[in-house]
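J.: Two chains, two separate frames, one set of hints: put the complex together.
The listed protein sequences correspond, in order, to chains A and B.
Okay, so the first sequence: first residue is 1 according to this note's numbering, each after it adds one.
Okay, so the second sequence: first residue is 1 according to this note's numbering, each after it adds one.
Everything labelled a hint here was simulated from the structure, so no lab data went into it.
Some hints could be false.
To be verified - Selected chain B positions facing chain A (in silico; Cβ < 8 Å):
| no. | residue |
| --- | --- |
| 1 | A9 |
| 2 | L12 |
| 3 | E16 |
| 4 | E24 |
| 5 | E61 |
To be verified - No farther apart than 25 Å at their CA atoms in a straight line, the calculated lysine to any residue pairs in the SDA-like style are these:
| no. | chain 1 | residue 1 | chain 2 | residue 2 |
| --- | --- | --- | --- | --- |
| 6 | A | K144 | B | E16 |
| 7 | B | K213 | A | E136 |
| 8 | A | K144 | B | L12 |
| 9 | A | K144 | B | H37 |
| 10 | A | K144 | B | E45 |
| 11 | A | K144 | B | C33 |
| 12 | A | K144 | B | L49 |
| 13 | A | K144 | B | G13 |
| 14 | A | K144 | B | V44 |
| 15 | A | K144 | B | S201 |
| 16 | A | K144 | B | P52 |
| 17 | A | K144 | B | L5 |
| 18 | B | K213 | A | V29 |
| 19 | A | K144 | B | L15 |
| 20 | B | K213 | A | S143 |
| 21 | A | K144 | B | R53 |
| 22 | A | K144 | B | L128 |
| 23 | A | K144 | B | T204 |
| 24 | A | K144 | B | P3 |
| 25 | B | K213 | A | S142 |
| 26 | A | K144 | B | E39 |
| 27 | A | K144 | B | E75 |
| 28 | A | K144 | B | Q58 |
In this text, a Cβ means the ideal position worked out from N, Cα and C, and glycines have one as well.
Listed below, chain by chain, are the residues.
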Amino acid sequence: MSLAQSHVELEEAQLVARVAAGDRGDPLVELYGRYGRPLYGLGLRLLGDRGSAEELVQETFLRLWRGSGSFDPQRGSVRSFIYTIAHRAAIDFRRRTSSRPLVALQAGEPGEERWAAGDSPEEPLETLIVSLEVREALEGLSSKHREVIDLHYREDLTQAQIAERLELPLGTVKTRTYHALRALRTTLDERSLLG
Amino acid sequence: MTPHLDIAAYLLGRLEPGERASFEQHLASCPECRLQHLELSPVVELLMLAAPRVEVPQGLEARTLLAVERAARQEEPARTAVPVRRRSLLPRRLVFGLAPAVALAALALAFVLGRQAAGDESPGTAELEAVLVRPDGGVVAASARVVKTGIGRVISFRSEELPILPTGEYYELWFVGPGDTPRRPNRISAGTFHPDEQGRSHVTFAAAVDPAKYPVLSVTAEPGDGNPRPAGLDVLRSRP
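Just chain B, same shape as in the assembly (with noise of 0.2 Å):
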């Protein structure tokens, strides 16, 4: 065995007494070693200064962007503040690809929705806690929580102000799977849904998805025509 890998061992104090004797002469007498030695002394010196591991609260990221996504609504009024008509003459494509200051009135959180999350820390494990953004502007608008329970998965989602659909239109919520095309979906739908009066929604779900094995949720706005593959187009989703 080359004696050289023994560089780790010995700037970390771990090597035994005979073993630390043989590798100080080692050292003395390879320039390779020298070197190593030179480089990852101070590596050693810092590891030893690390802060010990500290468990960040699920949801903290989704309920941090809601934090400033919040307050960007307050105080860009400007650029935020065009009203969602409660009905749209639009076709419904035509809204989500308007301009930007419509599409970015349709997104947005509540801070309630983040300090509602926070207390959801409900019974079971989160598999999946995802902040959903629009696919082109990044912006973010939803978040969901998979909880698995005793007798399946429970899946909460909220949002506020998604743009209200014309009659007969809704929305859907997608566990989306790899490779997943709008030619050849691979997604499961996990219900579907209505925001109110000021576009906001929490809904629950129950779904039997794994999401290890559809990792990515995704929004669409479906037309009602009863046909159960999904037509339109990802409103939200997920990272993965």
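Just chain A, with the same shape it has in the complex (with noise of 0.2 Å):
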């Protein structure tokens, strides 16, 4: 890890040395804020259904819970602290259930899409999570902005297309935008993605 750390990771440092404290309240409730949804994703993908994916992330902050006492800053983020305890939870729930084999989501499930190209079993976790963790990014986004960016990159429209659709001026569309990737690159860069 850098040596300086973010003002997000002394932040969440904080959050968990809290709930080692003994408070379970809205420490964990940050924290869940922050790391359900891509938890959450992180279990489907790795898991396979939406049930195991559940068991997932209430695990994981149950063992964070438990090891938020053993939680040292100096020794890494509260990030890869938490996706490492989901990790081996989800190697500890293939265990159990050991014929379930390794599975991606399939299309076609309601209130799901598939996964983009490069959809590969064996992917690294580290990409895995920067792709969950883009997508929290995203969901972080003002409605509007997120919703031209959605326009821009998942369906394959023109920026007059895009004004058309969404009946703003040109030139709202284009400074939305722009607005649009600044702020997801503050967001990202506070949660130190961007190298």
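T.: What follows is the structure, encoded as structure tokens:
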């Protein structure tokens, strides 16, 4: 890890310290707010079904609570602490149900999209986590910003077509897209995802 | 129109060929845009990696926090296993303000609660799903789910081990609106209840309150004096 801890890392380390001190309220709620959805996505990806994904989220938070006293911010970030816990829990789950193969989400399940190209069950864990965190950063954008970004990169639309779709002047779409990328940069930077 | 903003569409590959050529010309001569290019291209690269959007099941947060709370109760007996007396001789307000151990003992939820909540995906749209916590300590203590049905709203409320109140007193669940204070309450009662002998409650209320206007849920302990105004302090409260 880098020598200078980011603001977010320090804040999260404090949250874990509070959990270790016996506070099971706000700090856990806060950590759930940051990691709940990516962990659920990780569970879906590694374990293949919603029930197991849900169990993985719960198990990760249980182990986080139990292990909070052993967290040492000198040795790593809360982010890697949590994902390491989740990964180990996923391995334990798979051992428990030993015949279950490592599967990706099937296309066509309601409420979910297919994973992007490059989809491979063997993809490195870190790549998977980054993809989940980028999604989380997108979810953190304002709905106006998320909307233009989604239209740009998921649907093959030009700016003019987006303007038409959203019934907005072209200039507004351009401004919005630009500011959406800036906002996304800020979030990704805070989460130390920008290398 | 300033050409600078086109940097976004350019990086996203969404400029028409003509626009693209003229933007590249501009880029060559504009230091500001080159800086933007440098800063935003890694953002666009990461964007392409974004995982698909996934709907997280309703109530997962509550069930996760409850799972921790339940484990804490089982694994930290020294801190939590002070029995709640069936009938306290202490004044009610003291009971809630007393030792943290008593307070903790008053709380916590069975895992059952989470499981049942998971199975509670009853017909109708859940408008509000809330974890209620102690206003001071923030420990999870109960959950509630408000479902809009064809004929009104149904509130399903569960808790474990709320302290048994002295005879005549009861718990009351409230929908709390903005600006609510003890002096000027802005809250509507959803109904009253008593926990069972283990302090558990699972009650269903029918109500007409719109949780969009009264977004916070609270539980008070009320004296049985027949006065419908809220008299007790919030024992539990959801987050807005």
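J.: None of the hints should be skipped; say for each whether it holds.
T.: Structure-based check of each hint:
no., hint, result
1, A9, "holds, 5 Å"
2, L12, "holds, 5 Å"
3, E16, "holds, 6 Å"
4, E24, "violated, 16 Å"
5, E61, "holds, 5 Å"
6, A/K144 - B/E16, "holds, 23 Å"
7, B/K213 - A/E136, "violated, 29 Å"
8, A/K144 - B/L12, "holds, 17 Å"
9, A/K144 - B/H37, "holds, 23 Å"
10, A/K144 - B/E45, "holds, 21 Å"
11, A/K144 - B/C33, "holds, 24 Å"
12, A/K144 - B/L49, "holds, 21 Å"
13, A/K144 - B/G13, "holds, 20 Å"
14, A/K144 - B/V44, "holds, 18 Å"
15, A/K144 - B/S201, "violated, 42 Å"
16, A/K144 - B/P52, "holds, 18 Å"
17, A/K144 - B/L5, "holds, 17 Å"
18, B/K213 - A/V29, "holds, 24 Å"
19, A/K144 - B/L15, "holds, 21 Å"
20, B/K213 - A/S143, "holds, 22 Å"
21, A/K144 - B/R53, "holds, 16 Å"
22, A/K144 - B/L128, "holds, 24 Å"
23, A/K144 - B/T204, "violated, 38 Å"
24, A/K144 - B/P3, "holds, 22 Å"
25, B/K213 - A/S142, "holds, 23 Å"
26, A/K144 - B/E39, "holds, 22 Å"
27, A/K144 - B/E75, "violated, 46 Å"
28, A/K144 - B/Q58, "holds, 24 Å"
Comparing the model with each numbered hint stated earlier shows that hints 4, 7, 15, 23, 27 do not hold.
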